[in-house]
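Chemist: Sequence:
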Amino acid sequence: MNLEPGDEFTAEVDKITKRRKRRTCTVKYEGEGINIGPVTCQPGRSVRLRYLGADSVAGTSIHFALCLTEEVLADDYKDHIRRHVSGLLPDQPPQEGEQTYIEVDKIDEYGLGLAVAGGEVVELGPVQADEGDLVHVVGREPGYAEILNARARGKRYRIRFNILRERWDKLPIKKGESFTATIDDTDGSSLIAYVDGLPVYFSGEKARIGQKIEGELIRFHRDRGVGKVTKVYDSVGDIEDPGHDTRMQQLQQAGFGQEPFRAFAMRFTGVSGDQLPSTEIGIRDAIAGEAIRLGLAEKAESGGQQYPQAHITAIRHWVVHKLAAVLGQPVAGADEVSDDVGWFRAALTERTGPTITFLGDVIQLSQGYYAPAPTRAVMISESEAVLVSGDPSRLFIESGFDIEFRGLTRILTDTSEEELRSREIPVQSKDEYIGLDEAPITTPATLREYIEQRPQESWEPEEDWAPYTGQYYGFTVDGEPLVIEEADGTAISLWRVPVEYGADTYQLKVQSGDGKTKAVTVSPKYRKHACLILDSMAEDPQTVELTGYEEEVLLSCDFAPPRAQMRWLYAVGAEWLETSSYQLQWRISDTDANSVREVFDELPVTIIDNT
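In terms of the UniProt record's numbering, the sequence shown opens at residue 1 and continues consecutively.
Source of the hints: derived by calculation from the structure; they are not laboratory data.
For glycine and all other residues, C-beta sits at the position ideal for the given N, C-alpha and C.
Among the hints, erroneous ones may be present.
[As the list claims (entries may be wrong)] Taking lysine-lysine pairs in the DSSO-like style, the calculated list, with each CA pair at most 27 Å apart, reads: (1) Lys174 to Lys212; (2) Lys516 to Lys15; (3) Lys212 to Lys175; (4) Lys155 to Lys212; (5) Lys509 to Lys528; (6) Lys299 to Lys322; (7) Lys78 to Lys15; (8) Lys174 to Lys206; (9) Lys155 to Lys228; (10) Lys212 to Lys231; (11) Lys518 to Lys528; (12) Lys206 to Lys155.
[Claimed, not checked] Distance ranges between label pairs, derived from CB positions: (13) Glu539 to Gln92: 27 to 33 Å; (14) Asp108 to Glu432: 42 to 48 Å; (15) Glu463 to Glu432: 40 to 46 Å; (16) Asp274 to Ser381: 14 to 20 Å.
Modelling step: build the complete structure from the supplied sequences, incorporating the hints.
Modeler: Okay, here's the thing in C-alpha cells:
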C-alpha cells in the first residue's frame, strides 16, 4: 500500500461493524482495509483521512487512519483514539496545515490550553475541555495549533486565538486606538467590553454592566486587550423616545427639579429615590405597573363576580390620563389610534419580558376583563420577599413596609417571614409561585417514567417534521437528530410536529431494542425541559454561569430558561442585558443569587458559580 504515516488522502466509507453499540468503520485503499474508528455516516460517504500506520492487535496487523471530516465523528471517537491509536500519533508538534489529535496538558488562568509534544509547548487558544482531554487540531505557525472541534473551543475563539498569535492585522482595533463600547461582562475582578468581538478588560473602573463608555486600548496580554475608560456615559439604557426630553423639560418647569423623571416617580409611587430602579427604563416600568394597580383599584367593581374586575378600556383610559404627560401616548408607532404593544400593553400583557400579569399582580380574565390578584409574599432570603399583589403600593407603605421597585416587580425589604405572617400577609413558597413542581419531566429518570406512563402512539413522521439536533433548542428539518441510546437498547429522540393553525406539538420517538418504534407526545409547555434532558443524557449539558462583581451578579445562559426559571428571574427584578451575541445575560443583586441558583439547580444543566 503506497501510504506513509502522516499522508492525507480521501476514501469512501466501505464497511461499518456494530459491536456493543460501537460503529467501527473501515475504508478500502488500494485493496487494503483501514480502520478509521467510529463514525455516524453510512457506507459510500467520502471522508478525508490521515494515515497513521499499522499496529498489531491480537496478532493481526491492522492499518489505522484518523478521520479528519469533523461532522461524521461519533461522540466516542476520542475514546477510540486513546484505546487503539494513541501510540501511532507522532510525538511532535503538528506542522502547518497538518491535522492531528493532541492532549491538553494544562489550562492556564485565562482558560487557554497548552500541550507538550516532542518537548515543545504548543498554544491551543481558549478551550472548553479538561486537562488530559484529546482535542482535534490543525497546525499553524510553530508553537500554535488551532482547535477544530467547535465544542472544544472557548468563547470567541477565533479573535482570541489571533491575539494570542499576535496576528494584529486580523484584529478590529489596534493598540492606542480609541473606541466606544458597552460594558458587556465581568470576570469578577475586571469589567469587559467587546469591541467588534475583541475582549477588552478594564481594572478598577467605576462603570456598570450595560453602561456605555469611551475607552482606549493600552496593550494586549495573552488573549485579550487591556484598556482604560476615558468617559462613562451617565445613563444606563437610555429610553428611545424622541419626545422624552421635551416631557422632562415640562416636568422641570412644573417643579420636579433637576432629575424630573425620578422626582415624579418618587411622588407617584410613594418611595424614596434609592428605592427606585437605577435606570430610566426601570423607572418607566415601575410607574406604568403602579398606574395599572391604581387604575384597577379605582375602576374595579364586584358586580356579583368572584373578583372585583375592570375592563381593559377603563383601565387604559385611567392609566393614560395619568401618565401620558410623562410617558407619552402608549402607541408603538405613528398611528395615534392603534395601541399595538406600546408601553401600556407591554407592561400589562404583551412583550417578551416581565409583564404585570406574568408576575401575578393582575389576573387576566375573559372578554377583556382584569382583576387585582390577592396579596401574598414570596421569600427571596431571610430578609427580602417578592410582593405579589394587585393592591397599590401606598397601602403597604402606610402600613410600615419598605418597598423597593425593580421595574414592574416590588420587593419587601428588611422584613421576615414571621413578620409577614404576623401582619396577615400570606407567604407562598417559591416553588409553588413559579410552578416548579408542574413540569412532569425534569431529569433523565423522570423522562423515562414519562415515556413508560404516557400513552404511546404509532410513529408516523411526515416530511416537515424536524428533529431536535442538540443544544440551543435547535430543530431542523432534514437535520441529524440527537439520539440517546439507553442501556437496554432503547433509542430516544425529540421531534417538532408543525401545526398549521395553532402551536406546534412535539413527539418523542422511542425505538425499543427489538426494533419497535412508538411516539409519545410532549406538551409544548415542556419541550425546553425535554431538550435540556436530552443534552444532559448526551453528556453535553447546557450551561448557567453566575459571576460576582461588587454588589451585583451577572447570570449568563447559553439557552432560554423554561417558564418557571424565567418567572423567578423577573420576580427578583433581573435586568436583561442586550450585550452578548452568544449568551443570554441578566444582572441580579448579589442578595438574590442563592435563590436564583436554587431554581436553576432543578434543571439538568451545568452551573458554574463564580460568586
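Chemist: If a hint holds in the structure, say so; if it does not, say that too.
Modeler: Cross-check of the supplied hints:
{"no.": "1", "hint": "Lys174 to Lys212", "result": "holds, 20 Å"}
{"no.": "2", "hint": "Lys516 to Lys15", "result": "holds, 25 Å"}
{"no.": "3", "hint": "Lys212 to Lys175", "result": "holds, 21 Å"}
{"no.": "4", "hint": "Lys155 to Lys212", "result": "holds, 22 Å"}
{"no.": "5", "hint": "Lys509 to Lys528", "result": "holds, 16 Å"}
{"no.": "6", "hint": "Lys299 to Lys322", "result": "holds, 14 Å"}
{"no.": "7", "hint": "Lys78 to Lys15", "result": "holds, 20 Å"}
{"no.": "8", "hint": "Lys174 to Lys206", "result": "holds, 24 Å"}
{"no.": "9", "hint": "Lys155 to Lys228", "result": "holds, 23 Å"}
{"no.": "10", "hint": "Lys212 to Lys231", "result": "holds, 9 Å"}
{"no.": "11", "hint": "Lys518 to Lys528", "result": "holds, 21 Å"}
{"no.": "12", "hint": "Lys206 to Lys155", "result": "holds, 25 Å"}
{"no.": "13", "hint": "Glu539 to Gln92: 27 to 33 Å", "result": "holds, 31 Å"}
{"no.": "14", "hint": "Asp108 to Glu432: 42 to 48 Å", "result": "holds, 46 Å"}
{"no.": "15", "hint": "Glu463 to Glu432: 40 to 46 Å", "result": "holds, 43 Å"}
{"no.": "16", "hint": "Asp274 to Ser381: 14 to 20 Å", "result": "holds, 19 Å"}
Checked against the numbered hints above, the structure violates none of them.
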